Structure formats: structure tokens, C-alpha cells
Amino acid sequence: MLLRDVEYARPASVEDAVRLLSEFDGARALAGGQTLINVMKARAASPDVLVDLNDLDDLKGIELGSDGTLEIGAMATYTDVMTSAEARARPILGEVCAQIADVQVRNRGTIGGNVCSNDPTNHLPPLLVAVGATMTIVGAGEERSVPADEFFLGVYMTAAGPGELLTKITVPPGKSDGFASVTIGKEGTCIVNAAASLSDGSPRVAIGCVDAVPVLLQPSSSEASAVREAVRGASLMPPSDVHASADYRRHLAEVLAARAVTQASGGK
Amino acid sequence: MKVTGERAFQAPRATVWEVLNDPSRLAKTMPGVESFDIHDDKRWSAHVKIPLGLGGLRMSIDFEKTDEREPEFAKLHAKGNGVGAIMNMDTSFNLSEAGDGTNMQWEADVHILGPVASMGQRVLQPIVSQQVSHVLAALDAQVREASAAGASSEGV
Amino acid sequence: MTETTVSPERPLVVEEGEEQRGFIGQSVPRKEDKRLVQGEGVFFDDVKRHEMGFVHFARSPYAHARIKSVDVSKALELDGVYGTLTGDEVAILTDPFFELSTPPGANIKDYALAVGKVRHVGDPVAAVVARTRELARDAAELVEVDYEPLPVLLDGEEALKDEVVLHDDAASNTVWSGIFDWGDFDAALAEADHVVRIERLHFDRFSSTPLECSGCLVEYNRGTGQWTIHGTHQMPGVGAIWMAPALRVGIDKLRFVSQDIGGGFGNKITLHPQFTACCLLARKLNRPVQWTEWRTDQHTANTHGNERTFLDVTVPVKADGTMLGFSVRAIDDCGAFPRYEPLGCIIWAQVTPGCYRWRNVRVDFTQVCTNKSPVAPNRGYSRMQHLWLTERIVDIVANELGLDPVEVRKRNYVKQDEFPYETPNGCVYDSGDYARCLDIALELIGYETIEDRRREAESRGKLLGIGIGSTLDSGTNNFGQSMILNPELQFSGNNEVATVKLDIFGEIVVTLGTVPQGQSHETTTAQVVADILGCSPDDVNVRAGHDTYWNSHAGFSGTYASQFAVTGLGAVKGAADKLAGEMKLLASAVFGCSPDDIELAEGHARIKGNPEAALPFMALGAILNANNAGLPPDLDISLNVRYVYRPPFEKPDLERKFGNLTLTYATQIHACVVEVDPETGVYEIVDYAAVDDCGKRIHPQIVEGQVHGATAHALGAATHEIFTYDEEGNLLTPNFYDYHVPHALDMPPMRTGYVESESPFTPLGAKGMGEGGGAGIHAMCAALQNALGRRGEGPIVSRSCNPYHRVWELLQNPSESRKLVTVESR
Amino acid sequence: MDVVSSKTITVEVNGARYEREVDARRLLIHFLRDDLDLTGSHIGCDTGNCGACSVLVDGTLVKSCMLLGIQADGAKIETVEGLAQDGRLTALQQSFSDHHALQCGYCTPGMLMSATALLRANPHPSELEIRHGIQGNICRCTGYVNIVEAIRAAAE
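Residue numbers (this note's numbering), protein chains in the order written: chain E, 20 to 287; chain L, 204 to 359; chain P, 653 to 1478; chain X, 15 to 170.
It is worth saying that the hints were derived from the structure and are not from the lab.
Keep in mind it's a predicted model, so treat the numbers as computed, not measured.
Every residue, glycine too, gets a C-beta built ideally from N, C-alpha and C.
Just so you know, not all the hints are guaranteed correct.
Lysine to aspartate or glutamate pairs mimicking EDC-like chemistry, simulated, CA-CA at most 20 Å apart [claimed, not checked]:
hint, chain 1, residue 1, chain 2, residue 2
1, P, K720, P, D845
2, X, K90, E, D74
3, L, K282, P, E796
4, P, K700, X, D48
5, P, K1260, P, D1288
6, X, K21, E, D266
Distance ranges between label pairs, derived from CB positions [said to hold, decoys possible]:
hint, chain 1, residue 1, chain 2, residue 2, range
7, P, A823, E, L172, 32 to 40 Å
8, P, I831, X, D51, 52 to 60 Å
9, L, E310, P, K726, 56 to 64 Å
10, E, G80, L, E310, 26 to 34 Å
11, L, F276, E, S244, 48 to 56 Å
12, X, D51, P, E796, 33 to 41 Å
13, P, E796, E, G80, 48 to 56 Å
14, P, E1103, E, D266, 30 to 38 Å
Model the full assembly from the supplied sequences, consistent with the hints where possible.
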């Protein structure tokens, strides 16, 4: 509950933030803090310098392009996405954000923080992989785009490396999406989750909580049997813990993938 | 938690054996190593800051070679003390010649205590395998470096 | 700082014209609320002292290890550290806490810090005190402990083999064991038409985890040797009995003070080790020290509820469904240290037959230590585990013999006309009407339409199940039952104290010996006093919380085991009656008439039939306190009464383990309807009813609140709350991140009903009723079993906690769990 | 924009201005309770799950155990102590008492802040919306039954 000594800075611009993050090797970005501060309370892992991004207003916007593409600033909170008219262009985003934790966490927790912490039980990593989003990363002096299915590298590890900052997430237009999960209690932490999108014809399914990173599958059709076949084909090796054995998670992955695809194709 | 694996090296067994028994080289394979000191040919220790995405996990690790049969088998005990976690690990490896390369079978029995163990059960497996792949990759580099150095000295 | 402005108390609206009914039985406004809804309560962590030091314990990461050395030098070097305490110092400065058990348990050595060995993850090895909370934790991480790991013991049955022994002084893991044998079980077995055998049932380890963790601020007065402990102890009477001998001081040297406590549920009863360490530190450092326990400490190292395994359950049943009795082997896992234990080895015997009339019961009971957190009397303590056994037996017998679980209960329940009913081991159920409570519960969940709803659910691919849970909340312990465990113990009966005084300005001031943590003692006390003295509850000032210096406590003072409505209010009634008598005596002396002609009403003492001749309370207070010349010399009154309530108990027959162990038996019958998704094992409670019978309801709204809260604890324990350890002895649910307690969305729509079977044994006809909620676990297990199987072939629910993965596993191969049950029909 | 380990911050809490130096590592809840002696907000967990520490920062409902004190520099904070104006309880506070929506009162401050934020945003919430609104506040005494009733009644 009591943190180790840490230093703190609150840069006014993205450039300053990136410079700070690359200047100190123990520096970490502090967005909403809804994961990082809890990890620091347990003193399981401790950054040396916290670079607070909450003054970077230009990372907080949510814009809808004329072609229906959504650009969500990394510092947009879950509540921002739930209440933004623009984000209704892709309704699954707001619907899933509404299932994350509770009001207090959704008021502070950010989209960027969720994907950059990449806890295997998070909702957004599989969702953004399924909808085919693209992450924009700013490093020392250069900006690059990384597709979501190449962004997640390992537990708490993403393509945004030390000294780099995720600035925005671009979501292509689309309507036929689905998300299904089994959680610990109502709207609790996910035991297994699965996201699906039929926007570009053949189904894209991403399963969370079964590996360090979301597992992307492209079943041959959106028939439940085809989707379940694809999941079995992935021969998942999920972790086991208090809430689920590996077998149970493997079984849920099949069921939830099928349900997510059914929801994406307009089924109940 | 038991982790096992195999690794093939493009180097003669003697070179691989030399790397695996040279603490200064082994230290360089540790993720986030900050410093190490060698007590004797059987014991050495290292200070590491294991890079976990959300912050570094500082740990001081004491290594001790508990068994060896040159050039085919060795066993190491490692005791890591950190705030986020305490680690007790027994690791052993068998080296066998495969043509002009070497085949290593290794296994590690890892016991972790502390907050990382109790709160991280879902992520422990992937984190350990992540760190193991770093170590093996670094080991590859060390073996290549050693065999390159060996070849050049033979060449002279 | 916001100024505190006192607003007028909300006036109590008394219906005009109607003769003022008594306040007992009405849901009057709660006196505690005004401060608590404004954040003006005083919880222990709110108390501050100049220059106080913050305590942080250095805790063992090992579940079982020898301590070879503890080095605090680096910790002491840290700037801002005031001092430390280690196990070696504790072993010199204090004696081990006395043990309730007989050998081998009696030989266990339990100190304020780990001495020589650590026995569970989180076992405190040293304590550090520093200027700030953060520094204290930094310093605790600098304490270097050389551990020699030992094999870890995490299973009760394994513990019995004594291959790995926790307590070398005891040389065995067995804390206590004994055989209970009432009636004639062998004859019942011979006479049975069916014998149902259940190989194994397991009550999982959980805790009701109060939202406020434990803690204390301790001050030491060097001049008088007096400690003042502002803390969260639920039973200061017993806490002092443990701590004083250990600290080698007189019991009066320990002053316990508390005002508001954030829930307890039994988990704040065994705090004597941590409090003793803080007392030593306050004395050693000559500075107030404050220890705040954080959630992870509370789960890993404070207390859990009893985990209990039931083996070889044997149930003789007649053809008509009459159950003749049961025999069972019980193994109770009390964790690393028995600290309130082994009392749990007898407390279950308060409700040996549960709600049923079977007369032949044989229990082989053993309690063992394991490398897990110590156990404390968590809400429902030991009776909940036993009642879960009786309810699981009834449902499994009904399931296997194709009987209707409602009919089997109605046939075997104790009948309403049989009360007071003596159980096979001599306890006396005072009153109740189990069948009627069951009928109300069934009506509330629409039992008659169940089959239609089952079909409708099946059309949606869901399995619908209904379950009943009948439970008794035995309140007001006869501590003489501890002598059944250990004949040398000198504990028996029970008591509680209250003082009521009429002050100089006519104020009525009440002090209690209890330690409320949300049970509304100030309000219910004010109702009782107001009715006796003929005034309004608003005129009764009940001091908040507990303070040893009020001298209003006795050996069993505290708030636990569902006894306030009986012992607490019994003391209040006793004191108020005596004060009323003195007030009438004084008024009669002033008016020169007989005391019998005086009545107390509307805040006055007046002559019956002549309301003008009335003395306001203020006059009575002033006369005695400041204007007493001329009063008759033999007028022996003080208007300041201390009363000790003692329930009518006898010492039990130790040979036969026979006697009345509890005074009152409240009933709670719950019924619940669940829908299970067979594809994922996920289930939802779609309907829930809780019916309560706790005799006279002093404050109906408060009773309902207890029913709601206790049910939430049960539903949490039945669904997700479980303390699981990995093979290293790490607790895998060490805080609310993985230990999921019910949130608002988890709770089902709940309907409640009630019956009032007044108790013939208590001053107000009321019964304690805070712990009966366990029924929710029984009802959930029954509902899940009903949902998962048709009669006779479905899987057997053999564990108390059934998260989704367990339900899914039960569905995968029902035969696996069916192997646990065999039926021999003659 | 410099890197600091502590800073003098200015905050307005319930209308009163405070200026204090605070370490970067000190959580906002500890700053309120220990440094400003505003002990109305409570701590019930160490993982950001229980909501007993909920306060409003610039009108937004947050858990003050997941904010650093230093992050609140320049902010307007509302805590339970600021709800009643010179002793007159708000409709929610009165309704909580009338409906016995509190027993030990430890979760009540956080629960009242969540309920206050809920009714400001949605004056007539349904029962499900009420339960969503307090989903982040754990209560271990009441089973939430009377809390939902009290909020519904205060909303009328």
C-alpha cells in the first residue's frame, strides 16, 4: 500500500514526455494509474521516475474521419469513449469499455494505459486486434504505426519500448463486431474473453487471457463449428490459476469465440 | 514450477562447456544484469533489474555450482532475493555432441515466493518463459563469441 | 478543518393521539448515523498522537522455515527509523500466550512475533517503527532474515500423519481430538431401511473480511505502567485475559478504547499477538506507536474461517424418509496457530442435530495445524460448518432416495409444539417454527411455479435449480462448554455489563461493555432504556464504543457469537430497571408517598392518577447530586447503577459431553433459485428469499440489515470467496484483486419474511441473530445440485464453495462426484 | 518541467485551501487522511478494488488510493466531510439513515460520494443504473439492499 521512493515529472508536451522517458532508463509513463499504481503498492515492480501524461491534452481527443475511421487519443479515458458521440461510429468500443471495472476506474483509466500495460486479462488488447486497429508510437524524433496484432509482444510488453510513447489508436470503420467474456463475478476481472469482427468479410477473432498476448485467429467462416475448429487448431496453452484450470480456459476460449462471432454476425 | 527445453549450438561441446562454466560470461546472459562478482569457480553472485513492463524487479542472485561431470553435465543452484519476489532455482544441463555442433538439454525447477508469486499466478508462466528465451538468446551470442575467439586463437 | 456544528436531533414523530407505544419493536432513527454519514466517525486509524511512530511488520515469505538469524542493523541505520523488535526480545520479555487445549495442543508456544520458526506466509518475524508509514515499510524490507526452508504442510488429512510437524514443543500437529457419541447410533443403523454413505464433504476456507482491516494505536504511561490501546479488538475482556499474563502485568494495566469499528465478523478477536508486539514497542521506544494492517496482511496473516473436511458420513434412514441420525469423522484445519481454537471443536455441538429430530449422532472430531493463516471465529463460527453438513446430508439423502427435499425437511424438522426441545446432547432449543418459516420462504420465491420455470429456462438452454438452506443461529454461549475440551479450564457461563445513570441536569447516560462494529448498540440500547424510564430514545445518551476505564465490562465483554440482544440488552434492562426503582424511591421520599404510587412517563416521575404532581428527571438528578440535605438517611440510592447480566447456565456433564451450551436459537430458512449455463458453468441467482425468526424484534430494520449482510457473506462464500494456497504455501487470493467479494451487481433480488417466536429464556424475549446467514451456502449448494442433475443421477455437490470452473467440472463427468455416495437398501 | 521527489502543492478541499509539501510517492488518500487530518475517507484494500477512498476531484469521481497526492496540485476536491452544509444533511445522507443503508459506516463515505456523483449525472437512475453506479464500492455489512433503496428514494 506504501510506495517506494519515486521521482515525478508532469511534462506539458509529447516531446518533453518522450525526452524524459528516454533520458531515464527507469522511467515509466503514468496515464490513469489504475494498474501501474497498484503494482507499485505491492512493490512487485517499481519504476524510478513517473512521467505523468495528464497534461497532454492533445492526446485526449476522439475524432471521426470522413471515411468513418476513428482516431482515439491514448489519454482518452474509458468514460470518454463510452460517452463520445464520435466513438458511436464503432459501438463495440463503448460497449466493452462499459464492462471494465467500475465508474471510478473508468473515469481515470485510459485506452493507452490499458493496451500498454497489456495485462493478459485486459479487455482492449483482444478487441483492438479483432477490429484491426493501428497504434501510433512516437519515439525520439520519429513516429511509426504498428498494427494491433504486432503491437502486443509479451506480458506488460508492447512495441512501445523504453523512451517511446503511444499517442493514438486508429480504428477502421465497421459495425459487425462482438465481444464475449466470462468474468469473476458480474463485470469482474476476465477469466477468458474473446472479440470478433466481420467488418472485412471473413471473421477475425482474438482471444484474451489464454496467452501473454491476444491470440488472433481467422476461421474459414463465421459458422460456430468453423470458429471452434479454428480455436482447437490454435492448440492453446492457457495458464491455470485459482479461477480456472488450463482445460477450462481452453474450453471457454472455444465457446466465447463462437459467441463473439455470433454477436458480430447480428445473432443474439 | 518446472521448465525444460533443448537448444542446439553450432559450436563444439568444449566451447559450450567453457561458456557455461565461465561466471563472467554467464552473468552477461542474465536479463537486466547491473553488476556481478565472482567468489570462486563454484560461487558467484549478480545484481539484476529484471525488466518487467511496469517497472524493474531488483534482485540479488547468488549462484552455486552443486554438481558437474565435465564436459557433459552440470547443476547450478540459484537463490534470488528481491522485494517483489524471492526465487529458489535448481537448473541443470546435459551437453551431447551432435556432429560438429552441440545439443543441450536443460531443465529448471523454479520456486518463487512473495507478491509476484501470490498475485502474478496468471502471468508467472509467460514471464518465466520470456526471461528464459532472453537467457538462451544471450547464451547463443556468448557461445558464438567464444567459438569465434577460439577459432581465431587456433588459427594463429 | 470543517467546524463541527451540532444540529438538532431529528425529532421522533410519535403518532398524535395514540398512547405512546413502547420504542422496543419500532424502527427508530439510528443514533450512530449522524456522525457516520458525515465522515465524523472515529475509527482507530483516524486517531493521531504527537510524535507517534508507525509500525510495519517484516513478514515471512516462507510458509515453513527455521529462523537462523534476524539482523535489524541495516533497518536501524535508515534515517527516520525509531526502533525495532525481534522474536528473541519477545521470547525474553513475554511468556507464551496460554493455550486453551489439552496436550498436545497445550504445549504449543505462541508469541507476539515468530520465535525460532515461521509457520505461515506472512508470519511476523520482526517489527520496525519509523517516522512515516512509507519509511516503516522501507525499513522492514531492510531486515535481513536467514531462513532455512522446511517442507510445507497444507492439507489437514496429511497433517494427521505428523511427518511434517509445525510445533516441535507439541511434537504433533493435532491440537485437540475427541469422540462425541449420543443416543445409540449402532441401534439406529440396525433399524434402518436405507443407509446412505457419503465418503467426503469439504467446507472450504474463506473469511468474511471486514472492510476495515485491523490495527491499533498504543500509548504507554511510564509513570503508572498503564497501556492505552485504541484498537479494533472485538472481545477486550478475553483479549486482556490473553495479553496481561503474557506481558506479565495486572489485567487493569491494559485499557482498551474504541469508538467506531469497520466491521469485525469474528476476524478481530485474535489480535492479542499483534497488540502485544505494539505494547512492547510503545514501552521500549517511550513513544505512541500505530499499527495499520493492510488488506494483503489481513488475508495472509490475520485470520480465516475454519476449513473442515467431513469423512465417512453414514446416515440410517427409514423407508418413510425419517432420518435416525448420522456418524461422521471431522478434521478441522485451524492453520498455523490455535488462537481462539480449539473452541471450534465444541461450538458446533450447540447445534448437533441442526433443525432435525434425529437422536443418534456420533462425531469423531480432530483439529490440526497446517502452514496456513491462523483461524478465528468467523461469522457463523463452527456451527455454520456443521449445519452445512446436516443440510448437505438431507439434500443428498433426498436426492439418492428420490424424496422431495421439502417433504424430507418437514418430516424431520423439530415440530413447533415440541419447544423447548432438548437435543441429543442436552442443548435446549428455546422456541421456533421451522416448517412455517420454510413455507414463507417457498411462497416468497414462487415455489409452486418452479416446474414451469424449469421448462422455460430449459428452452433458453439454461438449467434451473432450487435449493433450501435451514440454519440455526445459536446465541449467548455457555463458556462452560470449553471445559468439555479441557476440564482444567476455569471458564463457564457468560456475562455482560451496562451502567445507566441520571446525571445532575437530568441527562441519562449509558455505558456498555460491548464493542459494536455496526450492530447499532447505541440505538437498541436507547429503545430499551426509554421504554423503562418513560422517556424518548433521543433523551438517552449512549456513549459510543468501548472503554475499559468506564468500568462497564466483565470477563466475557465484547461483541461476538450473536449475543448482544440477550447479554448486552439484558444488562441494559437490568441497570435501567434498578435505576427506575431508585428514581421512584427518591420521588416517593420527596412526595411522601409509597414508591408504588409513582410512575415514570414523558421524562417525569409523577404520582399515578395525579399527573400535576410530577418531578422532571432534572429535578431528581439535581436533588441527589447537588441538593440532598434532608433526605432520609436510610435512602440507599446513587442514581448511577452498574448491572452485570448473567444467563442461567449450569456446568456441563464432562463425561457425557452433555449440557445446555447456548441460551437462544434463532432460525433462518433461505430458499434460492439459480440458472446455470451448462456450456460455461456460469450461473446466476434469479430469486432469493430469507426468512428469519429471532424472537422479539427490538428494531425490525436493524434485524433485516443483519439478514441482508449475513446472506451476502454466505453468497460470497458459496460462489467466489476461497483462500487457496499453491504448493509453496503462497496464498493465491491475498487481497481483493483475486479474492472476489460480492459487489452491488453480484447480489440477487432478495425478499425477506419473518416470524417472531419469542424466547422464554431471555429478558426481552429476543434472541441474538447476527450469524445465521450461513443458510445461503447451504441453499446455493442445494440449488446447484438440483440444477445439475435429475433425481438420482446428477453430480454430487461436495464442497461449500462452487465457482464456475467447479460447476463446469461437475458437469463434465458427473460419475466422478457420484462415486462419493453409496446407498445400501435393505 | 523538472523531475522532483517532492513538491509543495495547493489544493482546495471542501472549499478550504491547503498548501503542503508532499512526497511524490504519497498517495492522495494518505495525503487527505494523514497530512490534512480529513479522516472521513477510508482505506479498505491495497489493490484499488474497494472504493472506500472515493472522492470527487474537479467534479470527477475517482478512487483516491490510485492517485498520487502530487497529481492533485491545483485541484478542487470534495470529500464526505463537505457534503452537509453547516450540519444540514443532504437528501442522500438523510435517506441513507432513514433506510438503514449503513451499519458499521466504514464504506459509507465512499458510497455517498459515488451516489452523489451518480445523481448529479443521472437524477432518476433505474435500480440497475444505481447498482452500476456503486459497483466500485464494496460493502461487507449491508448486502447493498438498503443502499440501493436509499439512493432510489433520494432520487425521487
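Each hint tested on the structure:
{"no.": "1", "hint": "K720(P) with D845(P)", "verdict": "violated, 61 Å"}
{"no.": "2", "hint": "K90(X) with D74(E)", "verdict": "holds, 16 Å"}
{"no.": "3", "hint": "K282(L) with E796(P)", "verdict": "holds, 15 Å"}
{"no.": "4", "hint": "K700(P) with D48(X)", "verdict": "holds, 9 Å"}
{"no.": "5", "hint": "K1260(P) with D1288(P)", "verdict": "violated, 23 Å"}
{"no.": "6", "hint": "K21(X) with D266(E)", "verdict": "violated, 51 Å"}
{"no.": "7", "hint": "A823(P) with L172(E): 32 to 40 Å", "verdict": "violated, 54 Å"}
{"no.": "8", "hint": "I831(P) with D51(X): 52 to 60 Å", "verdict": "holds, 58 Å"}
{"no.": "9", "hint": "E310(L) with K726(P): 56 to 64 Å", "verdict": "violated, 36 Å"}
{"no.": "10", "hint": "G80(E) with E310(L): 26 to 34 Å", "verdict": "violated, 52 Å"}
{"no.": "11", "hint": "F276(L) with S244(E): 48 to 56 Å", "verdict": "holds, 50 Å"}
{"no.": "12", "hint": "D51(X) with E796(P): 33 to 41 Å", "verdict": "holds, 36 Å"}
{"no.": "13", "hint": "E796(P) with G80(E): 48 to 56 Å", "verdict": "holds, 52 Å"}
{"no.": "14", "hint": "E1103(P) with D266(E): 30 to 38 Å", "verdict": "holds, 34 Å"}
The structure fails to meet hints 1, 5, 6, 7, 9 and 10 from the earlier list, while all remaining hints are met.
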